[in-house]
Amino acid sequence: MIPASEIEYLIDFDSEKCTQCHGCEIACKAWRELSYGVQYRRVLNLWQGEYPSVKCASLSLACLHCVEPACAAACPENAISKREKDGLVVVDETVCNGCGICADACAFEVPQFGKNGIMQKCDLCRDQQLAQAAPPCVDTCPGKALSVIEVSQSEKMVHEKKIAQLLRSG
Amino acid sequence: MVAVNKNQTKSERYFNKALIVFQFELLYITSIQYLTSEVDMDFKQALQYARINGEECIPTVCGMCGPGGPGGGCGIYAFVKDGRFKKVAGMDESPVNNGAICAKGHAAPQWVYSPDRLTHPLKRIGKKGEGKFEKISWNAAIDHIAEVLTQQKKTFGAESLAILSPARRSYSEYLHRFLTAHGSPNYGHSGICFMQREFAYCYTVGDFPRPDYGQSDLIIYWGRQPIYSGPVAKPARAFIAAKQRNAKMIAIKPSVEPDVGLADIWVPVRPGTDAALALAMLNVVIAENLIDHVFVDKWCYGFKRLQAHVRAYDPKWAENISGVPASQIVEVARLYATTPRAAIDLGNGVEHAPSASDAIRAIAILMAITGHLDRQGGNIFAMPPKAAPKDILLKERYTPDLINKLVGPEFPVAFQPFLEEPTSAYYRILESVLTGKPYPVRTVIAPGTQASVSTRGTKNVLAALRKLDFFVVVDVARTADIPYADIVIPVATSYEVDHPFQMVPGWLMATNRVIEPVGPFKSIFEFFLDLGNAMGYGDEFWNGDIGEAMDDQLEPLGMNMTELRQQPSGVVYPSGPPVYEKFEAVFNRRSASLNQGPYLPQGKVALYNTTFEKAGFSPLPEWREPPESLNATPELTEKYPLILSDYHTSKNFSASWQRNVPHLREIQPDPVLHIHPQAAAVRRIVENDWVIVKSPHGWMKVKAEIYPGIRPDTVMILHGWWQGCQELGVEDFPLADGGTNVNNMYSVDPEKAYDPLVTAMTSQTLVQVEKWEAS
Numbered sequence: 004m005i006p007a008s009e010i011e012y013l014i015d016f017d018s019e020k021c022t023q024c025h026g027c028e029i030a031c032k033a034w035r036e037l038s039y040g041v042q043y044r045r046v047l048n049l050w051q052g053e054y055p056s057v058k059c060a061s062l063s064l065a066c067l068h069c070v071e072p073a074c075a076a077a078c079p080e081n082a083i084s085k086r087e088k089d090g091l092v093v094v095d096e097t098v099c100n101g102c103g104i105c106a107d108a109c110a111f112e113v114p115q116f117g118k119n120g121i122m123q124k125c126d127l128c129r130d131q132q133l134a135q136a137a138p139p140c141v142d143t144c145p146g147k148a149l150s151v152i153e154v155s156q157s158e159k160m161v162h163e164k165k166i167a168q169l170l171r172s173g
Numbered sequence: 018m019v020a021v022n023k024n025q026t027k028s029e030r031y032f033n034k035a036l037i038v039f040q041f042e043l044l045y046i047t048s049i050q051y052l053t054s055e056v057d058m059d060f061k062q063a064l065q066y067a068r069i070n071g072e073e074c075i076p077t078v079c080g081m082c083g084p085g086g087p088g089g090g091c092g093i094y095a096f097v098k099d100g101r102f103k104k105v106a107g108m109d110e111s112p113v114n115n116g117a118i119c120a121k122g123h124a125a126p127q128w129v130y131s132p133d134r135l136t137h138p139l140k141r142i143g144k145k146g147e148g149k150f151e152k153i154s155w156n157a158a159i160d161h162i163a164e165v166l167t168q169q170k171k172t173f174g175a176e177s178l179a180i181l182s183p184a185r186r187s188y189s190e191y192l193h194r195f196l197t198a199h200g201s202p203n204y205g206h207s208g209i210c211f212m213q214r215e216f217a218y219c220y221t222v223g224d225f226p227r228p229d230y231g232q233s234d235l236i237i238y239w240g241r242q243p244i245y246s247g248p249v250a251k252p253a254r255a256f257i258a259a260k261q262r263n264a265k266m267i268a269i270k271p272s273v274e275p276d277v278g279l280a281d282i283w284v285p286v287r288p289g290t291d292a293a294l295a296l297a298m299l300n301v302v303i304a305e306n307l308i309d310h311v312f313v314d315k316w317c318y319g320f321k322r323l324q325a326h327v328r329a330y331d332p333k334w335a336e337n338i339s340g341v342p343a344s345q346i347v348e349v350a351r352l353y354a355t356t357p358r359a360a361i362d363l364g365n366g367v368e369h370a371p372s373a374s375d376a377i378r379a380i381a382i383l384m385a386i387t388g389h390l391d392r393q394g395g396n397i398f399a400m401p402p403k404a405a406p407k408d409i410l411l412k413e414r415y416t417p418d419l420i421n422k423l424v425g426p427e428f429p430v431a432f433q434p435f436l437e438e439p440t441s442a443y444y445r446i447l448e449s450v451l452t453g454k455p456y457p458v459r460t461v462i463a464p465g466t467q468a469s470v471s472t473r474g475t476k477n478v479l480a481a482l483r484k485l486d487f488f489v490v491v492d493v494a495r496t497a498d499i500p501y502a503d504i505v506i507p508v509a510t511s512y513e514v515d516h517p518f519q520m521v522p523g524w525l526m527a528t529n530r531v532i533e534p535v536g537p538f539k540s541i542f543e544f545f546l547d548l549g550n551a552m553g554y555g556d557e558f559w560n561g562d563i564g565e566a567m568d569d570q571l572e573p574l575g576m577n578m579t580e581l582r583q584q585p586s587g588v589v590y591p592s593g594p595p596v597y598e599k600f601e602a603v604f605n606r607r608s609a610s611l612n613q614g615p616y617l618p619q620g621k622v623a624l625y626n627t628t629f630e631k632a633g634f635s636p637l638p639e640w641r642e643p644p645e646s647l648n649a650t651p652e653l654t655e656k657y658p659l660i661l662s663d664y665h666t667s668k669n670f671s672a673s674w675q676r677n678v679p680h681l682r683e684i685q686p687d688p689v690l691h692i693h694p695q696a697a698a699v700r701r702i703v704e705n706d707w708v709i710v711k712s713p714h715g716w717m718k719v720k721a722e723i724y725p726g727i728r729p730d731t732v733m734i735l736h737g738w739w740q741g742c743q744e745l746g747v748e749d750f751p752l753a754d755g756g757t758n759v760n761n762m763y764s765v766d767p768e769k770a771y772d773p774l775v776t777a778m779t780s781q782t783l784v785q786v787e788k789w790e791a792s
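As you go down the protein sequences, you meet chains S and H in turn. First residue of the first sequence: 4, per this note's numbering; consecutive thereafter. First residue of the second sequence: 18, per this note's numbering; consecutive thereafter.
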């Protein structure tokens with residue numbers, strides 16, 4: 004049973020302000036010192052339609068901290084939980100055995116496994132000491148396509164659907 | 018002066034004053050709050066972040082796409098922990114990047130600490146191309162180069178030295194200064210970037226007409242990549258802003274990139290056929306009388322002759338060449354001509370074809386006769402800067418004698434020097450080594466550029482590098498040309514030195530040292546100062562004193578480097594209110610050529626160009642086919658049915674640099690050929706297959722990316738692939754046949770491969786693509 008959280012945070016994304024510069028992706032890697040191959044945030048190009056009416060849309064994607072996280076539900080070790088105070092989906096590194104079942108369960112392909120094999124992912128930089136600046140991915144975006152917002156559970160679920168649709172469109 | 022306290026960190030010593038403010042602020046901030054607003058990092062926050070996390074913060078200028086270069090000069094806060102450069106944040110106060118910074122900027126520490134960094138000056142001990150060297154000292158290297166250059170000057174004349182141009186950099190002027198002091202005009206400009214537009218624009222409308230994006234209701238991005246050329250710079254932000262206010266956007270290019278994804282209309286033009294498209298648009302607006310007669314009567318020369326000339330270029334004709342449906346050509350021409358606030362942002366894509374100058378002239382004429390020049394929301398002429406640092410080009414030494422020594426003039430000698438300095442075409446310098454015509458260049462210095470992956474004709478380039486008497490490579494990291502070098506000079510990145518000052522429109526900023534150099538070397542500025550000194554040109558090179566060089570140039574701005582450094586986020590020069598319709602002044606500008614004749618002899622837009630006519634070129638823009646194309650060489654299409662061209666910019670690499678940086682390589686790990694799903698399917702090619710791409714001139718082996726957003730008759734690849742990435746276990750690719758270097762694929766036929774006026778080199782050919790079957 005996943006405890007309900009009253010407050011939900013998310014890094015919102017506006018596709019019409021994204022130019023796919025990948026600044027957010029690398030800001031995250033650099034500031035969080037991620038090892039090779041690990042990415043908490045990734046920028047995707049999504050094709051829509053066919054030549055000559057072909058278009059592409061952009062998506063900068065990281066953990067959405069879902070209201071009902073599929074990763075937590077799937078984890079056989081109960082290593083993943085949703086934090087009550089702020090809705091963050093967190094991994095207990097002492098419990099996770101790196102089996103990767105969460106990665107299969109997540110529709111957004113979020114879970115990452117670095118050198119130690121333990122699941123890791125975006126934590127919204129909530130524990131980083133950023134001197135009141137926004138998380139590096141948000142801070143660095145030239146189009147201000149990303150923004151940290153506080154939402155209700157129902158708003159968060161709408162956002163989850165929107166991102167899932169965008170992903171499916173490509 | 019503030020007294021220096023030894024317990025303070027370096028950044029604190031720089032910014033004592035600001036620290037007092039910061040300490041005051043700190044009293045109020047007892048805990049880190051989680052903010053939901055959009056806050057970019059300013060100096061106070063950067064210092065605060067550094068203090069909290071036990072790091073140092075050094076404000077400086079990003080060095081990843083070449084400060085002073087096209088997208089360069091972004092302000093950053095660099096963070097250092099335990100003496101190691103860790104990361105950067107965009108500087109909120111910088112008017113260049115407004116707090117944002119791109120992927121390349123963030124990857125800077127990996128570039129600085131790359132195993133591919135050059136660490137010691139090297140001298141060749143093996144055969145050319147073998148790559149065997151011995152370590153020598155910085156001073157021994159300088160002395161050796163000076164000795165060779167002095168000897169060659171005596172024997173062959175000063176013009177036997179050429180310096181190959183990197184993309185525009187803050188050190189570019191030093192290269193010119195060295196050449197002029199030495200007595201050689203042979204600055205090898207690429208012939209494929211910016212100057213081609215500048216030239217055709219200046220001799221057609223008197224100046225470079227810049228899009229007034231902020232005010233436009235319609236923006237045509239033509240052969241332009243507004244994003245990758247500088248993702249956090251003004252054009253990219255203007256692009257987003259235009260989208261947000263629902264301005265209509267049209268993208269003219271052969272494939273869909275993110276900018277096309279946000280545009281309203283995509284015009285999928287065949288590579289290298291922009292001139293045909295532009296001529297047809299002229300045909301439409303004149304035939305349909307969509308022109309500004311008042312402007313044409315008062316400010317244009319030769320309308321009647323233009324009118325008669327473009328009658329032949331109807332949209333059906335252009336459809337056959339460009340592949341753009343005639344109906345779409347008519348639609349776009351009408352939309353542009355009838356939208357009062359409409360701008361064209363013409364990009365580097367039009368500068369890679371034998372008809373480049375014609376395309377640019379035709380587009381400039383289109384702006385003029387439809388009344389879009391220097392009007393709100395159209396294409397405007399920039400006001401000259403109010404303040405500028407001292408000009409360090411030795412212009413008083415430009416003489417007919419010097420100009421006549423150009424080994425392969427980028428622009429005809431009658432037009433030299435164009436803009437600021439005399440230039441030879443980059444490729445033609447190397448060609449002279451092989452042909453001896455008009456004379457062979459003996460020494461090439463390659464600072465921040467790699468000939469074998471930057472210019473066309475790879476096999477000839479490699480032969481020239483092998484044959485050169487003396488070849489000097491000056492760079493930060495390993496380049497493709499190094500095995501052929503006689504001397505290799507490693508230089509510091511801009512993170513390891515405290516110069517130069519960076520001046521971009523609206524902003525002046527000091528480069529501040531982030532870390533000590535990671536090896537026994539100096540900056541590229543100091544290299545030319547030291548070499549100048551050793552050559553006996555000390556008077557022209559501030560006697561080797563870099564501090565004096567900086568202060569001398571800053572003097573007209575009323576400050577020195579120490580004073581500038583005390584401004585942690587530099588000095589912002591606000592721009593004045595725009596002044597439109599400066600026709601009288603702009604159409605009477607004098608050129609920089611030796612006779613200083615006007616760009617426009619009639620004081621009017623040159624629809625009919627008497628200057629070009631007099632010099633033996635067409636007075637009206639024409640259509641010229643690429644060396645190989647579906648129309649020019651139908652006999653080749655059975656064997657080579659697809660058009661090949663290349664991308665000049667990418668989202669994560671600067672030209673042919675930085676493939677060795679893991680963060681950037683992970684974004685784009687493989688050299689991929691964009692191929693339409695239909696073109697792939699008939700060849701049984703699927704995503705990530707290795708494929709062979711064959712042209713009449715060479716072949717490469719690359720990976721296929723099935724790309725729905727490209728013309729089905731065209732395939733494209735990013736240029737500049739060769740380098741591996743040690744950290745990710747990726748090896749180098751071969752430079753010529755069988756490698757990934759697109760330059761190897763094109764014609765360099767002197768009769769066909771160049772624009773005759775501006776020496777733009779072709780980047781179009783015909784190819785076949787086949788699945789690679791490993792045997």
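Any given hint could be a false lead.
[Stated by the list, open to error] Not everything, but these chain H residues come out facing chain S in the computed CB check (under 8 angstroms):
no.: 1; residue: Gln62
no.: 2; residue: Gly453
no.: 3; residue: Pro455
[To be verified] Beyond 10 angstroms from chain H on every Cβ pair, some chain S residues (computed):
no.: 4; residue: Ala75
no.: 5; residue: Ala76
no.: 6; residue: Gln115
no.: 7; residue: Gly120
no.: 8; residue: Gln156
Hints listed in this document are in silico derivations from the structure and should not be mistaken for laboratory results. In this text, a Cβ means the ideal position worked out from N, Cα and C, and glycines have one as well.
Hints, one by one, checked against the model:
1. With a least beta-carbon distance of about 5 angstroms to chain S, the hint placing Gln62 of chain H at the interface is held under the 8 angstroms criterion.
2. Given hint, Gly453 of chain H at the interface with chain S, is violated; its Cβ is 46 angstroms from that chain's nearest Cβ, farther than 8 angstroms.
3. Because the smallest distance between the Cβ of Pro455 of chain H and any Cβ of chain S comes to about 45 angstroms, over 8 angstroms, the interface hint for this residue is violated.
4. Look at Ala75 of chain S: its CB is around 22 angstroms from the nearest CB on chain H, clear of 10 angstroms, so calling it non-interface holds up.
5. Annotated as non-interface, Ala76 of chain S keeps its C-beta farther than 10 angstroms from every C-beta of chain H; the closest such distance is 27 angstroms.
6. Taking the minimum C-beta to C-beta distance to chain H, about 13 angstroms, the non-interface status of Gln115 of chain S holds against the 10 angstroms cut.
7. The beta carbon of Gly120 of chain S is kept farther than 10 angstroms from every beta carbon of chain H, the shortest such distance being approximately 19 angstroms.
8. Consistency note on Gln156 of chain S: stated as away from chain H, and its beta-carbon is indeed over 10 angstroms from all of that chain's, at 17 angstroms minimum.
Hints 2, 3 from the earlier list are contradicted by this structure; the remaining hints agree with it.
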